[in-house]
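Model the full assembly from the supplied sequences, consistent with the hints where possible.
Line by line, the protein sequences are chains V and A. The opening residue of the first sequence carries number 0 in numbering that gives the first Met the number 0; numbering runs sequentially from there. The opening residue of the second sequence carries number 0 in numbering that gives the first Met the number 0; numbering runs sequentially from there.
Since the hints were made in silico from the structure, they are not lab data. Since the model is a prediction, treat every value here as computed from it, not as a measurement. Incorrect hints may have been included.
To spell it out: a stretch of chain V is covered by chain A in this simulated footprint if at least three of its residues, at any positions, have a beta carbon under 8 Å from a beta carbon of chain A; those stretches are [claimed, not checked]:
| no. | stretch |
| --- | --- |
| 1 | 105-115 |
| 2 | 124-132 |
Here are the simulated EDC-like pairs of lysine to aspartate or glutamate, each with C-alpha atoms no more than 20 Å apart in a straight line [claimed, not checked]:
| no. | chain 1 | residue 1 | chain 2 | residue 2 |
| --- | --- | --- | --- | --- |
| 3 | V | K118 | A | D69 |
| 4 | V | K118 | A | D75 |
| 5 | V | K260 | V | D182 |
| 6 | A | K82 | V | D133 |
| 7 | V | K101 | V | E114 |
| 8 | V | K328 | V | D340 |
| 9 | V | K98 | A | D69 |
| 10 | V | K101 | A | D72 |
| 11 | V | K174 | V | E274 |
| 12 | V | K118 | A | D72 |
Here a beta-carbon is modelled for each residue, glycine too, at the ideal position from N, C-alpha and C.
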Amino acid sequence: MKPEDISQIKNVMQPVATARGLPNAFYTDAAVHEQEKQLVFHKNWTCIGFGKDVTEPGFAKPVNHLGMPLVMVRGQDGMLRVFQNVCRHRGMILVDEPKQVKGVISCPYHAWCYELNGKLRATPHVGGPGNNVDPNIDRATLGLLEVRSHVWMDLVFVNVTGDAPDFEAAMAPLKARWSEFMDKPIFHGGTDSSFKLDVKTNWKLAVENYCESYHLPWIHPGLNSYSRLEDHYHINEPGQFSGQGSIVYNPKLDDSGRAFKNFDGLSEKWNEGAEYIALYPNLLLGIHRDHYFAILIEPVAHDQSIEHIEIYYTDEAMLGDEWADLREKNAALWKEIFMEDIFVVEGMQTGRAAPGFDGGKFSTVMDEPTHTFHHWVASQFAGQLEGASIREAG
Amino acid sequence: MMDTADLTQPLTPHQADRLDADILAWHETNSAAELAYGYRTGGQDAVLRGDIDAACFLFTQAYVFALRADLLDIADSLWLNLKSFGREA
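Structure, rendered in C-alpha cells:
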C-alpha cells in the first residue's frame, strides 16, 4: 500500500463529519484485494454458503472462497463441517462439484479416503501394492484440515484463521436486535427463490449501497409511493453491522389478499417493520415478518462480485405449489430492486479510477451507516498502519 | 456382474477374462459398487490360487470402492481380511 493510501485510511477513521471514504486503492488495486483476504475476511467470521445446498448426509459442495478451495460436508450425524478441499497426500482437489459422496470423501488421484468428519480412513497401497500401512504415515495426524465454521440462519460462516471471537459472542449484537426471529424455523423457497447477479464492482460497493437509504428516491423510484425516504431509519452497530430499517413494510403481492404466513410471536413493531443489515464483511440480510433473505457477496476479484440471493419463508406450507406464484412475485420484486442497484455500484467502481477522488465526503445525516462500514474496513488494517508508521518513522 | 458370494474354487481362465473385462467396463462408468464386488471376487480368486500379494492388492481395490459406494459391511469385511494379512492397521 502506498504512503498516500495509508494517510487516507487514517482519514477514514475520523468521525463521520470530517472523515473521507476508503481510498481508491481499496477498489482498484488487486494487491489491496489480496491484503483484504487475510485482514478482512480470513480473520473474521465470513459467510461462504448456505446450509440448504448441503442438506443430505453424505452430500458435499466445493466452495472457492477467495481462491481458497473449501468443501462443505454434511456428516452422517447431520452436522455441517467445512474442510480445506485438498488431500493431505499430494494436495489434489477432493470434491470438484456438488455431489453425494456417500460414505467417504475419496481422493481421485491415489484414493486416500476420508470419513465425513475428516478422519483419514484409508491409504491404499501406501506401503506398496496391497499393503496399506506405512510406518511413516500416521493417519491420526493426517485428517482433512477443518476450518472453523458455524451455521446460523442457514448461513455457513467460516473463520479461516481460527482466532476470531466465539461466534455467539461475535453475533450477539445482531442476535439481540433480531431476538424475536431467533431460533424460529426458516424454509428456503426453492429454485424460484434463488438467483445470482454478476456485478462488475468491488464487493464493498455492494455493501455500501445496501447500507443506506439515501439513494432510494433516485434509484428505486418505485418505492416512493409506499416506502418513502422518511419512512426509513439508520442502523449502526460499529464494528459489527450497519444498515437501514423501514417502518412501512406492507407487501401486496396478490390482489385477492393472499399473504405469506408470518413468523410466530412477533411484536407489533414488526407488523410494518423491516430491516436491512450489512453484516460485515460481505453478508446482506433482510428481515420481515413473513420472509427473510440473505445476499452473500462473493468477491471474485477487486472489480468483480457475484451476489448470491436466497429467500426463506416462515412455514413449510409456503413451499407448496399453491404458493409458487407468490414466491415468484416476491423474488421478482427483490430482483428488480437489486438489479436497479447494479448501474450504481458499477458506476462507482468505474469512478474509483479517478485519481483525484479522495474517497468521498459523507453526509453526517444520511451516510453514517456507510461510514460505519468504511471505518470497520479501515480498522481491519490498523495493524498494517502501525507497522507502516514505524517504517516511515525509521 | 460376477456372483458376489465367496468363491470356493479358483476362476476358470474364461471367468477370469470376463471379470477383467467387467472391471474395465465398471471403471469406465464409475460403478463403485460393482467394482467393489468385482475386485473382491478377484481377491478371493487370488487367495485360492495362493497369491496373497495379488489378493491384498485386489482386496485393497475392493475396499476403496466399497467405501466409495457406502457398502460399509463389505468394507469392514475387506478391512478385516487385509488386517489378517498384515496389510491394514
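How the hints compare with the structure:
Given a C-beta distance limit of less than 8 Å, the hint that chain A covers the stretch 105-115 of chain V holds, as 3 residues qualify and 3 suffice. Given a C-beta distance limit of less than 8 Å, the hint that chain A covers the stretch 124-132 of chain V holds, as 7 residues qualify and 3 suffice. Proximity of K118(V) to D69(A) is assessed by CA-CA distance (about 16 Å); at most 20 Å being required, the pair is judged to hold. Our distance criterion of 20 Å between C-alpha atoms is met by K118(V) and D75(A), whose separation comes to about 16 Å.
A threshold of 20 Å between alpha carbons decides the hint, and for K260(V) with D182(V) the separation of about 17 Å falls inside it, so the pair holds. Taking the CA atoms of K82(A) and D133(V), the gap is about 13 Å. The hint holds against a cut of 20 Å. Taking the CA atoms of K101(V) and E114(V), the gap is near 10 Å; set against the 20 Å cutoff, the hint holds. The hinted pair formed by K328(V) and D340(V) meets the criterion: a straight-line CA distance of about 19 Å does not exceed 20 Å.
Annotation: proposed proximity of K98(V) to D69(A) holds, straight-line Cα distance about 14 Å (limit 20 Å). For the hint pairing K101(V) with D72(A), the CA-to-CA distance comes to about 14 Å; that is within 20 Å, so the pair holds. Of the supplied pair hints, the one linking K174(V) and E274(V) holds, its CA atoms being roughly 13 Å apart against a limit of 20 Å. Taking the CA atoms of K118(V) and D72(A), the gap is near 19 Å; set against the 20 Å cutoff, the hint holds.
Hint check: no violations occur; every hint is consistent with the structure.
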